[in-house]
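S.K.: Each residue of the sequence shown is one higher than the one before, starting from 1 at the first, in the working numbering.
Misleading hints may appear alongside valid ones.
Claimed, not checked - List of simulated lysine to aspartate or glutamate pairs, DMTMM-like, C-alpha gap at most 20 Å:
id, residue 1, residue 2
1, K25, E60
2, K56, D110
3, K5, D19
4, K25, D119
5, K25, D67
6, K25, D132
7, K14, D34
8, K25, D110
9, K5, D17
10, K269, D208
11, K14, D91
12, K56, E4
13, K5, D67
14, K5, E46
Since the hints were derived computationally from the structure, they do not count as laboratory data.
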Amino acid sequence: MSLEKWLVQSGETKVIDLDVVRSVKVALVGGQVDVIAHDEPTARVEVHSVNGRPLKVSMEGDRLEVDHIQLRWDTIVDVVKGLGRRGDRADISLLVPRGIALAFDTVSADGLVSGLHSDARVSTVGGDIVLDGLHGDIEVNTVHGELSVRSHTGRVTARTVSGDVTATGDLTRFTVDGLSGSVFVDAEGTPDRIQANTVSGDLTVRIDEGLGARYRINTVSGALQLDGSVIKGTFGRGYTSTTGSLDSAWVDVAANSVSGDVSVVRRSKTTASATVGEGWGSPESGPADGQRPMDGGSL
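All chains should be built: construct the whole structure from the sequences, respecting the hints.
M.R.: Below, the structure written as structure tokens:
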């Protein structure tokens, strides 16, 4: 299996064109990395800037690796070690085939991943990450960086400590485990299940009007609002209810929290065909314009 590799030194720029690529691994400390999908089997790496240690780019067989960390990412200890490195940062753009398998890790670097039609794993300590228009099952992890999953088709599994998580699109299943980060889910169509486990983080879910749902909610001191009704007096005993038909297409909504608020709102018929982020001004459809996660507000 052939191996090609490049070192891009601090202050340098470089463009690397590559033949057939089927998997990509990115490991960055600080800076910005954009991964954009296209319909060709080839790939291009554009290194716009490098500071600190050299950036390593390697191609072994059909696997592309971009590495500014050169540490193992298997444990959180190794990730945190990267925070103390010498201001390492790089600004990179990757143009990759739409069907590649992606592993994407940053310490504080921000990232954009757009247009992939494959499964992906994305992790960050403190970077803000946007995943836009992906198709497939994705796993996202953050400590305190903000994660935005936009116009997604497929399953989303998220873990957060204090970073906020936003997910929108045709979500077949959404699962999140977190501490204090707020979670917003705008699910179109009929997801199978939406599940959230938090300590103090709030959960807001928007689903289609008229969609059957089974609610199983447990919060000790947080407020509970379902379909416009405020539920009081649960105090950790749990609340279960159903609405609409459960004969065929319906969603299971399960949430557990200590002090986080849980809200489920409906997408009105007038906004069902609108693009994500539109129609938030009406009371029926959720937060006001100034509270939209895409505008940078918190939930």
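S.K.: Each hint: holds or not?
M.R.: Taking the hints in turn, this is what the structure says about them:
1. For the hint linking K25 to E60, the alpha-carbon distance of about 12 Å falls within 20 Å, and the restraint holds.
2. At roughly 19 Å between alpha-carbon atoms, K56 and D110 fall within 20 Å of each other, so this suggested pair holds.
3. Restraint check for K5 and D19: satisfied, since their Cα atoms lie roughly 14 Å apart, inside the 20 Å limit.
4. For the proposed pair K25 and D119, the alpha carbon gap of about 13 Å is at most 20 Å, so the pair holds.
5. Distance restraint check for K25 and D67: the Cα-Cα separation of roughly 8 Å lies within the 20 Å cut-off, and the hinted pair is therefore satisfied.
6. A distance of roughly 18 Å separates the Cα atoms of K25 and D132; the hinted pair therefore holds under the 20 Å criterion.
7. Our distance criterion of 20 Å between C-alpha atoms is met by K14 and D34, whose separation comes to about 15 Å.
8. For the hint pairing K25 with D110, the CA-to-CA distance comes to about 16 Å; that is within 20 Å, so the pair holds.
9. The straight-line distance between the Cα atoms of K5 and D17 is roughly 12 Å, inside the 20 Å bound, and the hint therefore holds.
10. Between K269 and D208 the CA atoms are separated by roughly 8 Å; this keeps the pair inside 20 Å, and the hint holds.
11. For the given pair, K14 sits about 11 Å from D91 by alpha-carbon distance, which is consistent with the 20 Å threshold.
12. Taken as a hint, the K56 and E4 pair is honoured in the structure, with Cα atoms around 11 Å apart against an allowance of 20 Å.
13. Distance hint between K5 and D67 is fulfilled; the C-alpha atoms sit about 11 Å from each other, no more than 20 Å.
14. Note on K5 and E46: the hinted pairing holds, with a Cα-Cα distance of about 15 Å set against a maximum of 20 Å.
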